[in-house]
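Q: Just so you know, the protein sequences line up as chains D and L, in that order.
Residue numbering for the first sequence is 1 to 354, as defined by the UniProt record's numbering.
Residue numbering for the second sequence is 1 to 354, as defined by the UniProt record's numbering.
Think of the hints as simulated: they come from the structure by calculation, not from any bench.
Treat each hint with caution, since some may be false.
No farther apart than 25 Å at their CA atoms in a straight line, the calculated lysine-lysine pairs in the DSS-like style are these [unchecked claim]:
| no. | chain 1 | residue 1 | chain 2 | residue 2 |
| --- | --- | --- | --- | --- |
| 1 | L | Lys-81 | D | Lys-284 |
| 2 | L | Lys-350 | D | Lys-110 |
| 3 | L | Lys-122 | D | Lys-122 |
| 4 | L | Lys-173 | L | Lys-284 |
| 5 | L | Lys-249 | L | Lys-173 |
| 6 | L | Lys-249 | L | Lys-174 |
| 7 | L | Lys-292 | L | Lys-305 |
| 8 | L | Lys-309 | L | Lys-174 |
| 9 | D | Lys-122 | D | Lys-173 |
| 10 | D | Lys-317 | D | Lys-351 |
| 11 | L | Lys-309 | L | Lys-292 |
| 12 | L | Lys-110 | D | Lys-283 |
| 13 | L | Lys-55 | L | Lys-254 |
| 14 | D | Lys-81 | L | Lys-173 |
| 15 | D | Lys-290 | D | Lys-305 |
| 16 | L | Lys-122 | L | Lys-55 |
| 17 | L | Lys-262 | D | Lys-110 |
| 18 | L | Lys-254 | D | Lys-110 |
| 19 | D | Lys-292 | D | Lys-309 |
| 20 | L | Lys-317 | L | Lys-262 |
| 21 | D | Lys-174 | D | Lys-290 |
| 22 | L | Lys-304 | L | Lys-283 |
| 23 | L | Lys-110 | L | Lys-122 |
| 24 | L | Lys-81 | D | Lys-283 |
| 25 | D | Lys-81 | L | Lys-283 |
| 26 | L | Lys-350 | L | Lys-304 |
| 27 | L | Lys-309 | D | Lys-284 |
| 28 | D | Lys-317 | L | Lys-110 |
| 29 | L | Lys-249 | L | Lys-262 |
| 30 | L | Lys-317 | L | Lys-290 |
| 31 | D | Lys-174 | D | Lys-351 |
| 32 | D | Lys-173 | D | Lys-110 |
| 33 | D | Lys-81 | D | Lys-55 |
Number of protein chains: 2
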Amino acid sequence: MRTRLFIVGLLLTMSANSQILYHDASAFPLLGKATDATLTRYERLPDSLEHISRKPLWDLGRNSAGLALRFRSNSTCIAAKWEVRNNMSMNHMTPTGIKGLDLYCLQDGKWVFAGSGRPQGKTNEATMVKNMVPEEREYLLYLSLYDGVTSLAIGVDSLSMIEQPAVDLPVRKKPVVFYGTSILQGGCASRPGMAHTNILERWLNRECINLGFSGNALLDLEIAEVLASVDASMFILDFLPNATVEQMKERAEKFYSIVRAKHPDTPILFVEDPIFPHSRFDKKVAQEVKHKNETIAAIFQSLKKQGDKNIYFLSSKDIIGHDGEATVDGVHFTDLGFMRYAEILYPLIKKHIR
Amino acid sequence: MRTRLFIVGLLLTMSANSQILYHDASAFPLLGKATDATLTRYERLPDSLEHISRKPLWDLGRNSAGLALRFRSNSTCIAAKWEVRNNMSMNHMTPTGIKGLDLYCLQDGKWVFAGSGRPQGKTNEATMVKNMVPEEREYLLYLSLYDGVTSLAIGVDSLSMIEQPAVDLPVRKKPVVFYGTSILQGGCASRPGMAHTNILERWLNRECINLGFSGNALLDLEIAEVLASVDASMFILDFLPNATVEQMKERAEKFYSIVRAKHPDTPILFVEDPIFPHSRFDKKVAQEVKHKNETIAAIFQSLKKQGDKNIYFLSSKDIIGHDGEATVDGVHFTDLGFMRYAEILYPLIKKHIR
């Protein structure tokens, strides 16, 4: 025990005196992209859509929601320098969630939170974890949810190593692909790792791709093509909070069939509109939710009748609990809401993916 | 059903056309203060401490953490205008939690989230809920956690009523009094209602008093006098994340005995330092937490040996779960952390309060 304390003391002294050396992150694997054909590395939509997609949709595609860097290091601390595109702010989400970073470490096969990168503004520098015993570890670093990372460097002790991951976890073959709204994009997780697609990526130990576009999950058909381009294990269609009843009637089947055409047997899950907590009181919202959910149920039943066996439907009844406490504003999920949603989705996805 | 829809439609049309009229909140009961002898209404420390307490402690006492307004209205919408003292920002907490408002409504004896007031800056205006059926309801409005509300007006439909509560809920007799740190003050709840003292106030339906002072729960003895001035049902002493081992050795027994002298039989609960998620990796923090928890355990045992029967000790082992996901930065609780902490504290407090 005394020896162990002495060693820990020695290591802490060493780390206090060591310098941090930054390494460009472009050398390390990046999870969470539907395609590599993007304008810059840390964005989500193919460059071919730059002049095709509606501008707000295209701009949101440049946010780095769901993207995650993998590396391995024996450093006693992990730091980062990063720059963001818009220096975005919102009054119902933390800057750490909007434009920060979030570090996880693999321990006994599970991803464990190690520290978050709290941002200062457009250019940022943060030590996410320090005072560690210098053992080799596998890291997973989640990027900003509501802004776009334009450059990223990882800092480690100057005398330590940083290198390629030694294991392919989360597994990159056959990712799970999500399409949806601001909630899907991670609004309003306190830090990037708490968006439910990122929670599920860790729990499933399978790459997840977040195609969430705040306010803009309007069933744009070119996004269906992006989904269809991925050799996915499952597709989750979670667009109801944005798409209107008219848009659904006009495009939901078409959107679906673009994906289905390329993936005849892949499970596709439709998700109902959440019963937003404020709709207990706001009768207008309650009516809208009811109308949307009736519409998606009818569309689902119609597809089912056409003989599709690999489509599923998630009722929103239980997805964020029944206490009304899972959102920041009646709509956008907090970490509590995302945790509950992940707990509902996990067994459903686990059961269907191969 | 058709009639009901017609009525709802009519009411929505009415509310869309009605004007909002603002009423100064000073006419309505305010919960969460240890004393009414404060410089201005929406702050927590007695004015007598203005030139006695350390300046950072005094300044934090002017934050409105745990304060909540009670009123009754039949309006179809509830809005607010409010101004804050510092226009505070932090990168790991939402502006809504820092300087926003949070509205709950009593339904079947339970407090249910109705909507949050998202801030714009120093002066703010927000509609927290709208499109309601115009029934008389009891409301509880939580004030900003990390800033001080300096003025507050409640907006209702111009032709509706706003008046004194019809029921004394949460019960104001014998409140529960909490002393502690930034975490206790509500860092980093997404909205004011999710600080654990506010969650517990709703679950217990008993007034709770939040004497949390970010970074400044250093066992200042005049704060023990503030606690002792309250005819409390229980005291929760939750200062470990701030107080050093030296401060605890020097002042914890003295702090305790000031409270105990005036309340010989009131339950007093000591809370251990949380096992912060980042301390899995940060060995320096892990050692500090261990040392502090050993110190408080020794102090508790010593008090116990002196014959006190009404003191209790909460191990931090389970308070925020074991998945490492309950904080935004390894230290400060998110809504997920506060919910878990409230779930642990609730039965303990419920059992002891009269």
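Q: Against this structure, judge whether each hint is valid.
A: A quick look at each hint next to the structure:
1. Lys-81(L) <-> Lys-284(D): holds (24 Å)
2. Lys-350(L) <-> Lys-110(D): violated (36 Å)
3. Lys-122(L) <-> Lys-122(D): Between Lys-122(L) and Lys-122(D) the Cα gap is close to 23 Å, so the pair holds against 25 Å.
4. Lys-173(L) <-> Lys-284(L): Measuring from Cα to Cα gives roughly 44 Å; hence the hint is violated.
5. Lys-249(L) <-> Lys-173(L): violated (34 Å)
6. Lys-249(L) <-> Lys-174(L): violated (30 Å)
7. Lys-292(L) <-> Lys-305(L): Between Lys-292(L) and Lys-305(L) the Cα gap is close to 20 Å, so the pair holds against 25 Å.
8. Lys-309(L) <-> Lys-174(L): holds (20 Å)
9. Lys-122(D) <-> Lys-173(D): It is violated: about 34 Å lies between the C-alpha atoms, which goes past 25 Å.
10. Lys-317(D) <-> Lys-351(D): It holds: about 20 Å lies between the C-alpha atoms, which stays within 25 Å.
11. Lys-309(L) <-> Lys-292(L): OK: Lys-309(L) and Lys-292(L) at ~23 Å, within 25 Å.
12. Lys-110(L) <-> Lys-283(D): holds (20 Å)
13. Lys-55(L) <-> Lys-254(L): holds (22 Å)
14. Lys-81(D) <-> Lys-173(L): violated (53 Å)
15. Lys-290(D) <-> Lys-305(D): Judged against 25 Å, a Cα distance of about 22 Å means the pair holds.
16. Lys-122(L) <-> Lys-55(L): Measuring from Cα to Cα gives roughly 22 Å; hence the hint holds.
17. Lys-262(L) <-> Lys-110(D): violated (50 Å)
18. Lys-254(L) <-> Lys-110(D): Given that 25 Å is the threshold and the Cα spacing comes to 45 Å, the pair is violated.
19. Lys-292(D) <-> Lys-309(D): Measuring from Cα to Cα gives roughly 23 Å; hence the hint holds.
20. Lys-317(L) <-> Lys-262(L): violated (31 Å)
21. Lys-174(D) <-> Lys-290(D): violated (34 Å)
22. Lys-304(L) <-> Lys-283(L): The given pair, whose Cα atoms are some 31 Å apart, is violated under the 25 Å limit.
23. Lys-110(L) <-> Lys-122(L): violated (32 Å)
24. Lys-81(L) <-> Lys-283(D): Roughly 24 Å separates the two Cα atoms, so the pair holds.
25. Lys-81(D) <-> Lys-283(L): holds (24 Å)
26. Lys-350(L) <-> Lys-304(L): Cα-Cα ~22 Å, so holds.
27. Lys-309(L) <-> Lys-284(D): violated (55 Å)
28. Lys-317(D) <-> Lys-110(L): At roughly 20 Å apart (the allowed maximum being 25 Å), Lys-110(L) and Lys-317(D) satisfy the hint.
29. Lys-249(L) <-> Lys-262(L): holds (22 Å)
30. Lys-317(L) <-> Lys-290(L): Holds, at about 12 Å.
31. Lys-174(D) <-> Lys-351(D): holds (14 Å)
32. Lys-173(D) <-> Lys-110(D): Holds, because 18 Å separates the two Cα atoms, which is no more than 25 Å.
33. Lys-81(D) <-> Lys-55(D): It is violated: about 29 Å lies between the C-alpha atoms, which goes past 25 Å.
In terms of the numbered hints stated before, the structure departs from hints 2, 4, 5, 6, 9, 14, 17, 18, 20, 21, 22, 23, 27, 33, listed from lowest to highest.
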